[in-house]
Amino acid sequence: MTNENDDQPTNENDDQFILPGIPRRRFMGGASKLGLFVAAGGISAVAAACSSDDDESSSTTPGTDAPTTDAPTTDAPSDTTAATDAPAVTTPATPVSDEPIKVAIILPSTGPYAALGGMQARGIRLAMGDEIAGREIEYVDIEEPLFAPQDAIQLVQNNSDADVFVGVIGGNTALAIRDTIHDMEKPLLVTNAVTRAITGSRKSPYIWRASTTGYQAGVNLGPWMFENLGVSMDTAAPDYASGHELVDYPARFFEESGGEVIGQFFPPLGNADYAAVLTEMASSSSVFVYSFFAGGDAIRYVTQYAEFIGVDEKQLCGLTLVDDLTLVEQGDAAEGVMTLGGWNQAIDTPQNAEFMSAFEDAYGELPNSYANSGNNGGTILRMAIESINGDVENAELFSAAIGDVEFTNLLGTDFRFDKETHNAISFQTLDQIQRLDDGSLGFVQIAELGEAVDPGDDVAP
Amino acid sequence: MSTNLDTLPVQFLNGMSYAALLFLVAAGFTLVFGLARVLNFAHGAIFMLGAFVVWEVQGRGWGFMAALVSAAAICGVVSGVLEKTLVSRMYGRNHLDQVLMTLGVALVLGDVVLRIWGGDPRRIRPPTFLEGTTEIFGRVYPYYRLGMIVFGLLIAFAMYWVFQRTTFGVRLRAAVSDTDMAAVLGVNTGQLFTIIFAASGALAGMGAALAGPVLGASIGMDQFLLIDALIVVVIGGAGSVPGALVGSVFLGLANTAGQVFAPDYASFLVYGLMVIVLLFRPSGLFGRPVVVRL
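Keeping their order, the protein sequence lines are chains L and D.
Under numbering that gives the first Met the number 0, think of the first position of the first sequence as 0, with each following residue one higher.
Under numbering that gives the first Met the number 0, think of the first position of the second sequence as 0, with each following residue one higher.
Derived from the structure by calculation, the hints contain no laboratory data.
Hints may contain errors.
As the list claims (entries may be wrong) - Not everything, but these chain D residues come out facing chain L in the computed CB check (under 8 Å):
| no. | residue |
| --- | --- |
| 1 | Gln10 |
| 2 | Glu55 |
| 3 | Gly58 |
| 4 | Arg59 |
| 5 | Gly118 |
| 6 | Ile135 |
| 7 | Leu145 |
| 8 | Arg164 |
| 9 | Arg170 |
| 10 | Gly215 |
| 11 | Ser217 |
| 12 | Phe223 |
| 13 | Gln258 |
| 14 | Pro281 |
Computed from a predicted model, the values in this text were never measured in an experiment.
Ideal placement from N, C-alpha and C gives every residue a C-beta, glycine not left out.
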């Protein structure tokens, strides 16, 4: 699954973190002020962590007595639950500790990103199961406060006894908790946020990202669009930090290849009607259109694009414009649209078939690209914990083990981290929505764009 | 960004169709605010509920009209029950209490919708006779956009007619200008307010259906819509149907013009417009000055 899929949905999430009424500057200011709190809070968090460790060692037995009472684990797949009964049988070596490994999942379960967060959490749980390296896995759900990122700091501190944090949809959340995580010296695996800083100017030895950045979205796509779609383009994306990031880089690399960007449109975030922008683009001299929209925005944008312009008139290429969920709603309007490749239900690899059926067995519905992002994150953590035989208390060892993880993802491409930036290296493809032989609409891969690496040279926010 | 003058007529249409959409959202909101003097922050959530009902009914193949009627009925009942059970206890209280209560209801309702339909965004299709596009001012234009302008005007006219030309409207206006006096004269004001809330909910459901082919249905849409509705009401004046109509046209055109001519300031433009109106007409273009009664 190249992380690209994930990334793209991620982007939209990121967006969310900058609210329409709240200018970006204010968030930044808040973040730096918060930094002070974080520095202070970090110390107390470490202290709390130490004391809770002591508590745990003195209360080992109650913990092991009640493996099923981990309340937050409501979504745990039923087939893996059975495994908890027989840890001794499946464990190759003696577990380093009888204590459960505490995994804190930071994702939203309410609001506009509830579906996305829920799918990702399920993906994480499905991949990790209830027991790794002979140690029970205990999940804690942290409600990601997408509209109040500063609250995330306290929530993370409240869970300072967690062994690892995973999830994070909003780039604002990631940046808000960065210092806290760094000071707590606990690993954080970001599965969705796209903001460059978290693996660039604000990187940390403890933070890894399995999703990708705007830079990665553009580095291969920009030149490809120039060579294959035309010499000039208009762009459109929602007006917030990630919207700009996910347009600016593709536009930059498109221009560096020799292309010309005619009009750049950023309709306000939450804008329901793209008629004004589409009318301008229809009369523009551009050859094609590049856009980033996701979720409900993508449904409206793609259907309105078909009404006002149409891909026969101008090709439409972009990020997260179509996925399995939106395609059902967009229908014919999506035919011909090109979107940076990612996971979809039709991916034909053995590991994906296995994932799809395991997911459906566990949760009674088919996964989507967000579930794949979660599955990626969960797989990375599981492999890392296995490789250190469950010794997660050694956070430096654990974090390094996360960075060493390499595997073949559900798309059949190789996943690995950039050890320098801690960002995922993604292998990119381009899909087009085409009429398949059976008459239905589906994803057809039309190009392999190659590997994308973010050099992490962003300017500190 | 581009100042392409030959797109102006089409952009004007875009602005008007967006204005129609805004009016459909704001109509019920301004009704309740103007008549019951309650800032009903749950209005957006009820609108969202209506959108999902429309999607559900349409998905069953029952057609657009059935979806519209179902959404209006369900939203009307929900809104009426809300008034009867919760809001009616708050009439004597200050606005802040009412806002907190209706905001709470909005959050609960939002999560109920999330629980019932999941968080996936949905598309609502136009009625079959308005599908497709036509050519207008030399450009391709969707039929439905034109239809929406007509629907908006029809609903505005219907509301105006009810207020000004029916006995019910007379009772309503009497209850608004002096609730106690109207009650003394035999108007059942408690029942009237329940009816107003139910009508406001029904308008939201209808609006969700009519605006549906553009707006779709998604979790979180209520928050953005509520802000737009508030701006429309502030500009037009609380409780005034013509005010809501004019406020919608202002906002619709400003929104479109902002995106075309000053994209960098598009987000700000509508708020700037609101500030200017508030500076010169604190009670809105069509609002009456608020009389504080002790």
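Evaluation of the provided hints:
1. Here the hint on Gln10 (chain D) is kept, as its CB sits about 6 Å from the closest CB of chain L, short of 8 Å.
2. A least Cβ separation of about 13 Å between Glu55 (chain D) and chain L goes past the 8 Å threshold, and the interface hint is therefore violated.
3. Because the closest C-beta pair between Gly58 (chain D) and chain L is about 10 Å apart, greater than 8 Å, the hint is violated.
4. Hint status for Arg59 (chain D): violated, given a least beta-carbon distance of 15 Å to chain L, over 8 Å.
5. Satisfaction of the interface hint for Gly118 (chain D) is found here, the shortest Cβ-Cβ separation to chain L being roughly 3 Å, below the 8 Å cut-off.
6. The interface hint given for Ile135 (chain D) is violated, since its Cβ lies 11 Å from the closest Cβ of chain L, which is over the 8 Å cut-off.
7. With its C-beta approaching chain L no nearer than about 12 Å, Leu145 (chain D) sits outside the 8 Å limit, and its interface hint is violated.
8. The beta carbon of Arg164 (chain D) is not positioned within 8 Å of any beta carbon in chain L (closest approach about 33 Å), and the interface hint is therefore violated.
9. Taking 8 Å as the C-beta contact cut-off toward chain L, the hint placing Arg170 (chain D) at the interface is violated, the least distance being around 36 Å.
10. Interface hint at Gly215 (chain D): satisfied, since its Cβ lies 6 Å from the closest Cβ of chain L, which is below the 8 Å cut-off.
11. With a cut of 8 Å, the hint placing Ser217 (chain D) at the interface with chain L holds, because the nearest CB-to-CB distance is about 3 Å.
12. At its closest, the beta carbon of Phe223 (chain D) sits 4 Å from a beta carbon of chain L; the interface hint therefore holds under the 8 Å criterion.
13. Residue-level restraint check for Gln258 (chain D) holds (minimum Cβ-Cβ distance to chain L is 4 Å; threshold 8 Å).
14. At about 21 Å, the closest approach between the beta carbon of Pro281 (chain D) and any beta carbon in chain L exceeds 8 Å, and the interface hint on this residue is violated.
In terms of the numbered hints stated before, the structure departs from hints 2, 3, 4, 6, 7, 8, 9 and 14, listed from lowest to highest.
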